[in-house]
Each structure stands twice: as C-alpha cells, then as structure tokens.
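Protein chains: 2
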Amino acid sequence: MVVEHTVKAFDEDITRLRGLIAEMGGLAEVAIQEAMQALVTGDEELAAAVVKRDKKLDKLESEVDELAVRVIALRAPMADDLREIIAALKIAGVVERIGDYAKNIAKRVGRIEGRHRFEPLTLLPAMGEVAAEMVHDVLTSFAARDPVMAREVIRTDDKVDAFYDSIFRNLVSHMVENPATISSAAQLLFIARNIERIGDHATNVAEMVHYAATGQYPPDEHDGRD
Amino acid sequence: MVVEHTVKAFDEDITRLRGLIAEMGGLAEVAIQEAMQALVTGDEELAAAVVKRDKKLDKLESEVDELAVRVIALRAPMADDLREIIAALKIAGVVERIGDYAKNIAKRVGRIEGRHRFEPLTLLPAMGEVAAEMVHDVLTSFAARDPVMAREVIRTDDKVDAFYDSIFRNLVSHMVENPATISSAAQLLFIARNIERIGDHATNVAEMVHYAATGQYPPDEHDGRD
Chain A
1 MVVEHTVKAF DEDITRLRGL IAEMGGLAEV AIQEAMQALV TGDEELAAAV VKRDKKLDKL
61 ESEVDELAVR VIALRAPMAD DLREIIAALK IAGVVERIGD YAKNIAKRVG RIEGRHRFEP
121 LTLLPAMGEV AAEMVHDVLT SFAARDPVMA REVIRTDDKV DAFYDSIFRN LVSHMVENPA
181 TISSAAQLLF IARNIERIGD HATNVAEMVH YAATGQYPPD EHDGRD
Chain B
1001 MVVEHTVKAF DEDITRLRGL IAEMGGLAEV AIQEAMQALV TGDEELAAAV VKRDKKLDKL
1061 ESEVDELAVR VIALRAPMAD DLREIIAALK IAGVVERIGD YAKNIAKRVG RIEGRHRFEP
1121 LTLLPAMGEV AAEMVHDVLT SFAARDPVMA REVIRTDDKV DAFYDSIFRN LVSHMVENPA
1181 TISSAAQLLF IARNIERIGD HATNVAEMVH YAATGQYPPD EHDGRD
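Same order as they appear, the protein sequences are chains A and B.
Each residue of the first sequence is one higher than the one before, counting from 1 in my numbering.
Each residue of the second sequence is one higher than the one before, counting from 1001 in my numbering.
Any given hint could be a false lead.
Chain A is faced by these chain B residues, among others (derived, beta-carbon under 7 Å) [as the list claims (entries may be wrong)]:
| id | residue |
| --- | --- |
| 1 | I1072 |
| 2 | R1075 |
| 3 | R1169 |
If you are wondering where the hints come from, they were derived from the structure by calculation, not from laboratory data.
We put the beta carbon where it would ideally sit given N, CA and C, even for glycine.
Could you build all of it, start to finish, from the sequences and the hints given here?
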C-alpha cells in the first residue's frame, strides 16, 4: 500500500508539472497573438496588458522549478520519469523566454508611426500566427509525449524563417526609399526578429520533447539549423 | 562532524558541476572558432572534426543533468545553492544548443563554391569572434557569479545583431547581382543566422547567470530584446 500511495502521489506531481507547462504555453501563445493584435491595431492598452501579464510566466517558471526539485528530492524518480522532469525544467526556461519576446514586441507598439504605410504589417501577423501555432503544437507534443508532432514543429520553423527573410528585404527597401520612416521600420525589423526567435525557441523545445519521449535527439532533417 | 562532511561533499559537487559547465563552454567556444576557421579556409577536414566533436557536448550535458539530479536528491540544497543548480541544468541545455549551431555552420563549409567572391567572408569571422567571446564571457560570469559581467554580455549582443544586418544586406545585394551564386550565398546567410542565434543564446545564459547570482532578472537595458 505504501508503494501504491507513493506511485499515485508521483503521478499527481507529474500531472501537475505538465499542467503548469501547459499553462505557460497557453500564456505564451496568447501573449504572441495579443502582441501582434496590438501591433496591427495600434492598441497601446492591449500592449501594456501583454507586458504586465508576462510576470505571470516568470512566476509559473519558478513554480515549475520548485515542483520539479521537490519531485526529484522526495520521489527519486527513475530513467524515463526523470528525463521528463528534467525536460520540464528546461522547457519552462525556454517558454519563459518566448514570453519575453512577446513582451518585447508589445513594448514596441507605441513606437511605430504611420503604421498603415508599412507593407510588412500585413506579413507580420501571418508570421506571428505561425510562430504562435508552433508554440501551441510543441507544448501539445510535450503533453502527449508525441515525437512525431515535435518533428512537425521543427519543420514549420522553415516557414517562419522564410517570412523573416521576406520581411527583412521589404523593410530594407522601404528604408532606402523612405529615409524619414527609418526609425519605425527599425522597430518592425526588431519585431520580425523577435518572432523569428520565438520560432527558433519553439524548435529548441521540440528537440527537448523528442529527447524526453524517445531518449534521442531528432534526426537532422531541418536544413535551417542542424 | 557529519554535517561538516556533508557540506564538504556538497561543495565538491557544486565545484564539479561548475567544472562541467566550464568545460561545455570551452568546447562550444572552440567549436565556433574552428567552424569559422574551416569556413574561411575551406578546410573540410576541420569542419568534419567540429561536427564529430559535438557529441562530446551532448555527453557533457547528460553528465550535468545526472550530477544536478544527484545533488538535489542527496544533499537537499537550500535557496541560493538550489538556484545555482537549476541554473546549471538550464545553462547546460542552452550551451548544448550553441554547439549545435557551430556544428551546423561546419556542415555548410563544403557547400560553398567560389568562396573568395563573397565579401561577407571577411565579416563573418569577425562576427563569429564576437559570438565566441560572448560564450566565453558568459560562462566566466557563471563561474564567478558575476552579474555585472553577465550584463556586459547582454549588451554585446547588439554588436552581433548589427553584423547580422550588415551581412544580410550585403548577401541579398550579391544575390541580386550574381544570380548564379545564390545557393552559396544562401549558405552564408544561414551561417550568419546561426551566429546571430549563438549571440541570442549567450544572452539567454547571461540572464540565467544574473538570476542565479542575484535572484533577479537583469533590467531592460538591451533594446534588441527585452
């Protein structure tokens, strides 16, 4: 009975750990979407809300750290379970950082003048949507221990990179032709770079999920990275 | 006496953990430098050596994971010490990924034709040097628990970003003017992006070092990110 009790308590801990990671993923996804919405509509109040809500992600990361440490210390988990707990610790760190990029995008919303003049303002939300989907899918793959889905996410990063290249070229041409708008264009460039980094970090999480689920890193099928 | 013995064993574990992280940092730094050297000289043997040596980083990351787990489970460390161990776990994950980028650069060395025609081949090594220095400095800051140095690293990332933008523009112009070289130019673009990501990940580590040393994330002084 004691063993059974311990196993049950352990399962509850793991479920709670997964729940916290899922919650972090949900918050990060919404942060990306709302930051992009604030950017497109110029809604500075929404942008401020995104910045404010980022603290919640920091708090959740600390909760994941604490719970993971407690599980390791009290339950002495073996092989597969331990690999999942370590993955949770590392994934929480990366998702917190994804939230930072969304916050950074939100902070730039108020610094863009004459937003209707920029063509990338139609491309950026599409790029943000793909990145937000990557974050969503990679955390679903973690919850489901699904390495195939994790590899899908890794492949999707190529799309984000293609968006970035296209937006970069477009903005550079725009700067050359309209030197007066350089400072706003630079803000958009930083925003595109933040989204590109979100995609890269989601890819990073996907590799961790693959490793936690299979004990192996995914094969090198993604040309942009590895 | 028992307590003293435990404290000593704990200090030894922490020292060993720091040593492993320092070793990972050293390997990652050399991997970046040698990948860039292989790129500039077209030395495919050196490039292959860089690719092969990356396995060592994966192995060291596993060692960090194992040791960190053992310390948490056996020594039940408190507050500051626990924060450092969690930081070590997360930092090991990021440094392993920095190694992946260096490996990815090395893999591209053999795919570039007519290397003397590309102006970025003079800029890329300088960019790689700054990124390798960031990796070196951020791991020194971890070993020394030096948050001021960690913030220096965060600021240096602006230089890497500026290199990236300059190289990107240069390569795009080159592609437009010399369509026959597009495929080699694209390889150089991926290489520049990998270095940019190394800088971003070193920045990420710097934030973790700052947090581990002070319990707080660094203030938002770095415009490119947060």
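Hint-by-hint comparison with the structure:
Because the beta carbon of B/I1072 sits about 5 Å from the nearest beta carbon in chain A, less than 7 Å, this interface hint is met. Look at B/R1075: its Cβ only gets to about 9 Å from chain A, farther than 7 Å, so that hint breaks. Annotation: interface hint on B/R1169 holds; nearest CB of chain A at approximately 6 Å, less than 7 Å.
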